[in-house]
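Visitor: Spelled out from the first residue to the last, the chains are:
Protein chains: 2
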Amino acid sequence: MKFSQMFIPTTKETPNDATLPSHQYLIRGGFIAQTGAGIYDFMPLGKIVLDKIRAIVKEEMDEAGANEVQFGFVTPLSLWDESGRSLTMGNELLRFKDRKNGDYVLSPTNEEAVVNMVKNRITSYRDLPVHLYQINTKFRDEARPRFGLMRGREFLMKDGYSFHSNAEDLVREFNHMEETYKKIYTRLGLEFRVVEADSGAIGGSGSKEFHVLANSGEDTIVVCDSCDYGANIEAATRKANKKEKLETIECEKVHTPSQKSIEEVNTFLGTDSYYSMKAVIKKAVYEEKTEIVVFFVRGCDELEETKACNAVNALELEDAIEDEIIAAGIVPGFCGILGIKEDIQVVVDNELQGDNNLVIGANEIDYHYKGFNLTTLENVVYKDLVAVQEGDICACCGGKLSYTKGIEAGHIFQLGTKYSQAMGANFLDENGKTQPFVMGCYGIGVSRLVAAVIEQNHDEKGCIWTKETAPFKVDVIVSNAKKDEELEAGMKIYEDLKSAGIETIIDDRKKERFGFKMGDYELLGFPYAIIVGKKLQDGLVEIANRKTGQKTDVAIDEVVQKIEELLK
Amino acid sequence: MKFSQMFIPTTKETPNDATLPSHQYLIRGGFIAQTGAGIYDFMPLGKIVLDKIRAIVKEEMDEAGANEVQFGFVTPLSLWDESGRSLTMGNELLRFKDRKNGDYVLSPTNEEAVVNMVKNRITSYRDLPVHLYQINTKFRDEARPRFGLMRGREFLMKDGYSFHSNAEDLVREFNHMEETYKKIYTRLGLEFRVVEADSGAIGGSGSKEFHVLANSGEDTIVVCDSCDYGANIEAATRKANKKEKLETIECEKVHTPSQKSIEEVNTFLGTDSYYSMKAVIKKAVYEEKTEIVVFFVRGCDELEETKACNAVNALELEDAIEDEIIAAGIVPGFCGILGIKEDIQVVVDNELQGDNNLVIGANEIDYHYKGFNLTTLENVVYKDLVAVQEGDICACCGGKLSYTKGIEAGHIFQLGTKYSQAMGANFLDENGKTQPFVMGCYGIGVSRLVAAVIEQNHDEKGCIWTKETAPFKVDVIVSNAKKDEELEAGMKIYEDLKSAGIETIIDDRKKERFGFKMGDYELLGFPYAIIVGKKLQDGLVEIANRKTGQKTDVAIDEVVQKIEELLK
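Chains as they are written, first to last, in UniProt numbering: chain A, 1 to 568; chain B, 1 to 568.
One thing to keep in mind: the hints can contain errors.
Unchecked claim - List time: in silico DSS-like cross-link candidates among lysine-lysine, alpha-carbon distance up to 25 angstroms:
#, chain 1, residue 1, chain 2, residue 2
1, B, K2, A, K58
2, B, K498, B, K52
3, A, K534, A, K551
4, B, K498, B, K534
5, B, K100, A, K283
6, A, K473, A, K492
7, B, K511, A, K119
8, B, K289, A, K100
9, A, K2, B, K289
10, B, K2, A, K183
11, B, K433, A, K510
12, B, K433, A, K511
13, B, K511, B, K461
14, A, K2, A, K562
Stated by the list, open to error - Label pairs and their in silico Cβ distance ranges:
#, chain 1, residue 1, chain 2, residue 2, range
15, A, D557, B, Q5, 48 to 54 angstroms
16, B, E92, A, D484, 50 to 56 angstroms
17, A, N379, B, R99, 36 to 42 angstroms
18, B, E564, A, D62, 20 to 26 angstroms
19, B, Q5, A, T375, 53 to 59 angstroms
To be clear, the hints were calculated from the coordinates, so they are not data collected in a lab.
The beta-carbon is built from N, C-alpha and C at its ideal position, and this holds for glycine as well.
Based on the sequences and whatever the hints tell you, model everything.
Guide: As structure tokens, this is what we get:
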């Protein structure tokens, strides 16, 4: 392809809201253009990258035995009523009416659509398993679309769904998909990590996320420095943080004037925050109500909100304001597990189970209890609520846990029968008995990967595409295209590279100077450039390596061979 | 691919509303599944066909020098306000609000989006021409979605847009696209015709349609039996139908009791309907009003409604009811050009221009005029209004015109500056002067082509895919897959064909009988089947040709070579 014949509108201007490098460079490089909040057009170079990623995903999915399909992007709301998600998906599910007042949605995901496709078309265990996937546009009406392609509203996603006659076969496919996904990210040239994950709104049990490691990642990933353990902090666990057990003492109410925070109370009482219960008061949002809930973790721990949300089966948690807390009969700053009204849900972190001699709020202004023994209470609900901290101990191997940042680029779920049951999608098993399909689902954020590649691979000058994702592998830069000999030499190299099957673009623009072309090359991030300039008279051109910045003189007739070596 | 590992849910049931063969067979063959009115999922075989057509379109568009892009499917309504089409597109433009009450539409076409992409990014004539295209989902909220993929609401379309610095360059690209489209339809193995067309809602001047010839086509195409002339009846012209001129006589009002129709009047008066003016009264719909309009054509001609609509610049024409006609001061059945109120638009067909001695309505119950001389009237608006009839004479060559039926599968337009001017999209020309871009646009109905191939290629048993569109070229049918020797021989042939690069599927299903497999093969319409059955003991298999129904015995080791010959 020739620069002169391709629409590559690079610019020096960065959009005001573009904080991430990928957002800035993809806009500046003319890869994408914003047309609305969270909605992007792909311009020619961006489209090539998107298609390359898409092609790799397709190849590996086909190789893994999945069948590609395509669901309607517009789906009737009635399908979402069948599954119950028309109620639970909230505002992210964009609904609209057609000219006949029919209710439709823009598909944000397709569990309902795939169950609808398979239902009554597969009726026997003999036709299972089946794995159907598509790579198609999705729309999620995010409250805060941001970060360019990273968190858009309209995006391209690969979503696959498998159907099985039993849970064992689902686990087999789940593991097969984990391996398939690893191949995909490896082929894309990405550093990534597979981690344990929370299952979120999709539901089901057992899920793993695939994170592209990058400082700008929105997700905090907990990883072990000794073993393979990795988990999203939303799902991360640790070896319980256990200090020595104190002796049991008499529980006693103590005056703690104006000592509200855990730090204040423990400093005031001379106690260790480890031996205290910290209350975190939230509003839990359900389909048809919102209510105050109270979580207790150790004074030295922090609440992990996703875990807390799951613990009370809420759609989401919101911050509770003081008036609401008081209205619920709780004394802010002095909230303890004793004296909370019976109709308020209370959940205590697993690690506090069995503890004695604790400092807790007395639910009375300026008072706490000390020496409280948690084992004296019955019917306490214990769940895993803590946010794993850096330095915590790995539950798998005893190694040290630390944080890293990741961009979620894939997620696989063991759904089980949640959707098949809700939608009455059944098959006959070996014994002629009706059973709901056992399902898995598997997603990859294809357009998000375009951005993720750049988040992981860029410098202060622009993009650095990996070999598999680069729109072109080589940019032949003709220093001065008005000089016939330079243009001819450049064209010869360009044709030779193309003949060798190497994706090449030639910067043959006559109106642009060399410096401008180099700037474009660096911004656009092709892996290699071949600079055809003054050294031509000595039969030499320069090969530049975008990643290392290195430049090497090469004899013209060795260029193809040299590039082939570099691309290996 | 193996039948046993692919989701191909064939069925004997035909949907009630499926009148077209393509609709019936695509559903019965498990190619597509309906999920809502005019909304279809593509199942694995359908997806393969869709992608094959898509790939051919992409290859030829790239080869023609166009750059592929991807526009957001959701576009802000504000873009449509800029062009003015938010008012003129009517209900087909599906509008909705997002969670923040912002106005958006589902893109039915992308003139606005492409102008928005190019505007301010191309600023000089030196960067022109540019041709951008995409192959992406569209949504048109059709009043009556029907005929399966033929007239869906959600569909896949290739839409391309070219930008030029002058009209000559647009014509060059327009012709280039005509040739490119011909290549595409030829590669798809289709019989097609390029015809003159009406430009419709897209606007602009000069457009051509590409019709796949099929009896079930919704469009009537006028073709010449002697030359290349072809036109959609909406735009078709003919050599004026001229009988000898009568002598001019005195105009005289005559009593024609209850003689309302042209036939009645002319029989009653003993005149030739050729020498009479037929009134066709319609309601013209405009953005903000609806009004009665009157068209006159010869008594022996028929009004072509699209021409009539264009003649009065209306959005559409509706039938006028008697009360409305009377309210407009017109006497139904006796409407003539004399005595129509001045504020009513009247258009007369070109071919009547200069005529004398005509029979016309008197605008009075039971009266007509005879001997009316049209040349006595001033300020008459003449336009081409007639529907060309079979047997009319070709204006190009004098040959005979006839009708054929076509499925519109492509449309190319010379848009001119309609959109660039409305949206203020300009460039600087050679003289440094600001000019609006001169534009062309070019569409291909990709998902509609899936159906069009079948409309043109089917029999009473099912689909007959062309070689380029078939999901697999060969179906290896193992008569009884429970017999090891048959299954092994089939697998060997299957592997050999795949190794030779021939797309092959093997019907290795153990639970299905031979007759069922043959039925599926015929319904699914793979070009060739290789039947592995009883003749195996003689070292033979049968090759079946889906189109001709012919079956030939072939020695097993000659199968690949034979198939390669057939596919040439």
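Visitor: Against this structure, judge whether each hint is valid.
Guide: The hints, checked one at a time:
Note on B:K2 and A:K58: the hinted pairing holds, with a Cα-Cα distance of about 18 angstroms set against a maximum of 25 angstroms. Taking the CA atoms of B:K498 and B:K52, the gap is near 18 angstroms; set against the 25 angstroms cutoff, the hint holds. The suggested pairing of A:K534 with A:K551 holds, with an alpha-carbon distance near 15 angstroms, which does not exceed 25 angstroms. For the suggested pair B:K498 and B:K534, the alpha carbons sit about 24 angstroms apart, so the restraint of at most 25 angstroms is met.
Distance hint between B:K100 and A:K283 is fulfilled; the C-alpha atoms sit about 24 angstroms from each other, no more than 25 angstroms. Taking the CA atoms of A:K473 and A:K492, the gap is near 17 angstroms; set against the 25 angstroms cutoff, the hint holds. Of the supplied pair hints, the one linking B:K511 and A:K119 holds, its CA atoms being roughly 20 angstroms apart against a limit of 25 angstroms. A hinted pair counts as satisfied when its Cα atoms are at most 25 angstroms apart, and B:K289 with A:K100 qualifies at roughly 23 angstroms.
A hinted pair counts as satisfied when its Cα atoms are at most 25 angstroms apart, and A:K2 with B:K289 does not qualify at roughly 51 angstroms. Annotation: proposed proximity of B:K2 to A:K183 holds, straight-line Cα distance about 24 angstroms (limit 25 angstroms). Proximity of B:K433 to A:K510 is assessed by CA-CA distance (about 22 angstroms); at most 25 angstroms being required, the pair is judged to hold. Among the hinted pairs, B:K433 with A:K511 is consistent with the structure: their alpha-carbon atoms are about 19 angstroms apart, no more than 25 angstroms.
The suggested pairing of B:K511 with B:K461 holds, with an alpha-carbon distance near 22 angstroms, which does not exceed 25 angstroms. For the hint pairing A:K2 with A:K562, the CA-to-CA distance comes to about 22 angstroms; that is within 25 angstroms, so the pair holds. Between A:D557 and B:Q5 the beta carbons are some 49 angstroms apart, a value that agrees with the proposed interval 48 to 54 angstroms. As the Cβ distance of B:E92 to A:D484 is approximately 53 angstroms, the hint placing it in 50 to 56 angstroms holds.
For A:N379 paired with B:R99, a C-beta distance near 40 angstroms keeps the hint of 36 to 42 angstroms intact. Against the hinted window of 20 to 26 angstroms, the Cβ-Cβ separation of B:E564 and A:D62 comes to about 24 angstroms, which satisfies the hint. A beta carbon spacing of about 57 angstroms between B:Q5 and A:T375 agrees with the range 53 to 59 angstroms that was offered as a hint.
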